[in-house]
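For the record, the sequence lines run as chains Z and Y.
What the first sequence shows, in this note's numbering, is residues 1 to 501, in sequence order.
What the second sequence shows, in this note's numbering, is residues 1 to 209, in sequence order.
A few of these clues could be false.
Subject to a maximum C-alpha distance of 25 Å in a straight line, what follows is the list of computed SDA-like cross-link-like pairs (lysine to any residue) [stated by the list, open to error]:
id, chain 1, residue 1, chain 2, residue 2
1, Z, Lys-367, Y, Lys-205
2, Y, Lys-206, Z, Pro-196
3, Y, Lys-205, Z, Ala-239
4, Y, Lys-118, Z, Pro-196
5, Y, Lys-206, Z, Met-361
6, Y, Lys-139, Y, Ala-96
7, Z, Lys-98, Z, Tyr-10
8, Z, Lys-381, Z, Met-483
9, Z, Lys-450, Z, Met-440
10, Z, Lys-367, Y, Ser-195
Calculated Cβ distances over 12 Å to all of chain Y for the following chain Z residues [as the list claims (entries may be wrong)]:
id, residue
11, Asp-4
12, Thr-6
13, Leu-22
14, Trp-35
15, Trp-88
16, Gly-136
17, Glu-143
18, Arg-159
19, Lys-167
20, Ala-244
21, His-373
22, Ala-462
23, Gly-476
Bear in mind the hints are in silico, worked out from the structure with no lab data behind them.
The beta-carbon is built from N, C-alpha and C at its ideal position, and this holds for glycine as well.
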Amino acid sequence: MNLDMTTLLYCILGLPLIFSILAAPGFLNNTLLHWLNRITATAVFGCMWAMFSSFNANEALILQYFYVDALSMWMLMIITTLYFAFAWTSKAYLDRDKNARYGYLRRFTHLEGRFYALSHIFVWIMLLVVVVDNLGLMWVAIEATTLVSALLVAFKFTRTSLEATWKYVMVCTVGICLALLGTIIVYYLQLTDVGPENPLNWLYLVQNNGQLNHDIAKFAFCFLFVGYGTKVGLAPMHAWLPDAHSEAPALTSGLLSGSLCICAIYVLMRNIVILLPAIGIDFISGLCLAFGLFTIGAAVPFVVIQRDVKRMLAYSSMENFGLMVAGLGIFVPVAMEATLLHMFNHALVKYSLFYVAGTIMEEYGTKNMMRIHGMMSQVPKTALFWLLGIVGILGMPPMGVFFSKFYILYGFFSAEHPVMGIIALVLLAGMVIGILYHVMRMLGGVPHRKSSGELIGTLDSAVLYGLLIFSCVVSGGISQLPMFQNMLTSAAQIVLGGMPV
Amino acid sequence: MDYLVTILVLLVFLQTRIMDLRRAVYCLSAQSAIIALSCIAIGLGTGNIEHGLIPAVLTILVKVIFIPGAVLKIIGELKNEREVVSDINTNSSTVAAALFLVLGYAIVGRVMPDAGAKDVISASILMIMTGLSLMVLRKRAVMQIVGLITLENGIYLLGLLLTRGLPLVVELGVFLDVLIAVVVLVILTGRMRLSFMTTDTSIMKKLKG
């Protein structure tokens, strides 16, 4: 059984790489390219599923450079689900970019191969982030995601996308360099307090984390928190986030928001597990709560005054990352599980929202929400998905995000942070008002502009439905789904310090 | 080692005064060469030559030859090759560097009073802070890249000193990342030249709010 797991893992890691090497030179014709893309992602999704269903949540798969436990498995599930959705929606998106009035692909034919190659490499590196066993390699992979996704953000090479990319690379690289400094200090700690064996190996460090020096561990954690926090998009290091999310092609925005930022949270979690006994819970918890709530607070006013539809979604992502980091800082099992569940829900719902936002931009030829009215009557299908997604991301009852947000807020009160919980509730209410104001204006009213017609086809609506329903079913019925429940419980336990034996 | 640190500090101060893009890149290349030499020096000091030699060779290949080469190539395509004279002139950035040096010694004295090589640690803090200030104060894209590599060199030097070098796999990964980062930044600078007709990053302020 162990051999099978290993093979599956190598399949998951091998296939996207092979595909991007084939796609990069651009000699595959388009039909072949689209189908290969779908087959690769579906195969990876299938392998992940085979692994997920037979994975024992209380054990870990240990290979030479890889370490897979329940937490990694949970992250793998999120990333591959998005990967699957990406592959099945990409053709529709790229075709639109070829045909529409201002499609940037209409003059080029070879760019599709490049886009696919970059996207698959991007997903591949994110998969690497969650399965490597070494803090240094995690850092290397996170930095590599910045660089690859930078090329995707700048894919259209318009003036604004160049500006966004420059800011993205500069801010994130500086942040990530600080995280490198933190990692180096952790290594220094290991050398002085534990010993030179298994350098920076996560499992080894966790087994020996009682011996680390308190002051230097705190010093290291500050750098790690600021460094990876920049990559998560925590305020005040968030300057890159709305720009990069709004200027990237819609599919890339979905991947950036849905999976990249939570990969950074994942690495932060791994580091916290190591440093927790040395630093003590109060410092870490305080830092996470303060920055998390501040991030939500910083996002609210910008949503209210926003005009650009994708920027609005980007600020909504910031709100959700803030909530995740705050949920991480509560340090009670129910909130930790809810945080991990929220990562999953947010990824699925936000991917579909970004996809729909990209479609709206094509349909109306503008990003400005003030110029879009009457979507219900002009483009009913898009309007339906837009409404469902927005209702989903705001955390209204039938949708998956409701459950995870509710449990996180419950965690605030059960862990005796009632004031924080009330602040979070007020800020979330502000978010709901801000977003609903814009969205209702877009959906209702009398149309002033001609739209280019309904652009959401059968295949993409099936994928969007799938994403929304999957998130609903998993979070609503988690107690009835032992496979997910076990994985989630053990993943939360790992973050709280109880590693698998 | 002492001579190396002295030269390094001098080079970093020189970096704050240079306005010509080409010379800034040469200065950066020299600075990376010093880092490579200190790799070897530290490797000799610990008796583990291979662990000092491989990073040194990689530093020479990546940071002394490839990165400056790539940046020089893009400079060759630019017309107006000087840093825009900014309000914050070079004098204040040199003064800032001096303050960073003092700050470095102060931090080392307080945090690790019994550390062996105080000079090297404070030199690396100087490099990190100066790299950051170059990225913030300079407006030309190329100067910001130079600042980024200076920052990276500083962190690398600190790591080298504290831990005698990271594990080899990680080290290789870090070099690969720096390499890709510069390739990406050079591509972006090239596109910036085509789109904006200049590489002055301060004109990019359309995205707000």
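A quick look at each hint next to the structure:
no.	hint	verdict
1	Z:Lys-367 - Y:Lys-205	holds, 18 Å
2	Y:Lys-206 - Z:Pro-196	violated, 50 Å
3	Y:Lys-205 - Z:Ala-239	holds, 12 Å
4	Y:Lys-118 - Z:Pro-196	holds, 23 Å
5	Y:Lys-206 - Z:Met-361	holds, 19 Å
6	Y:Lys-139 - Y:Ala-96	holds, 17 Å
7	Z:Lys-98 - Z:Tyr-10	violated, 35 Å
8	Z:Lys-381 - Z:Met-483	violated, 34 Å
9	Z:Lys-450 - Z:Met-440	holds, 19 Å
10	Z:Lys-367 - Y:Ser-195	holds, 21 Å
11	Asp-4	holds, 27 Å
12	Thr-6	holds, 20 Å
13	Leu-22	holds, 21 Å
14	Trp-35	holds, 30 Å
15	Trp-88	holds, 29 Å
16	Gly-136	violated, 3 Å
17	Glu-143	violated, 4 Å
18	Arg-159	violated, 5 Å
19	Lys-167	violated, 8 Å
20	Ala-244	violated, 10 Å
21	His-373	holds, 22 Å
22	Ala-462	holds, 34 Å
23	Gly-476	holds, 36 Å
The structure fails to meet hints 2, 7, 8, 16, 17, 18, 19, 20 from the earlier list, while all remaining hints are met.
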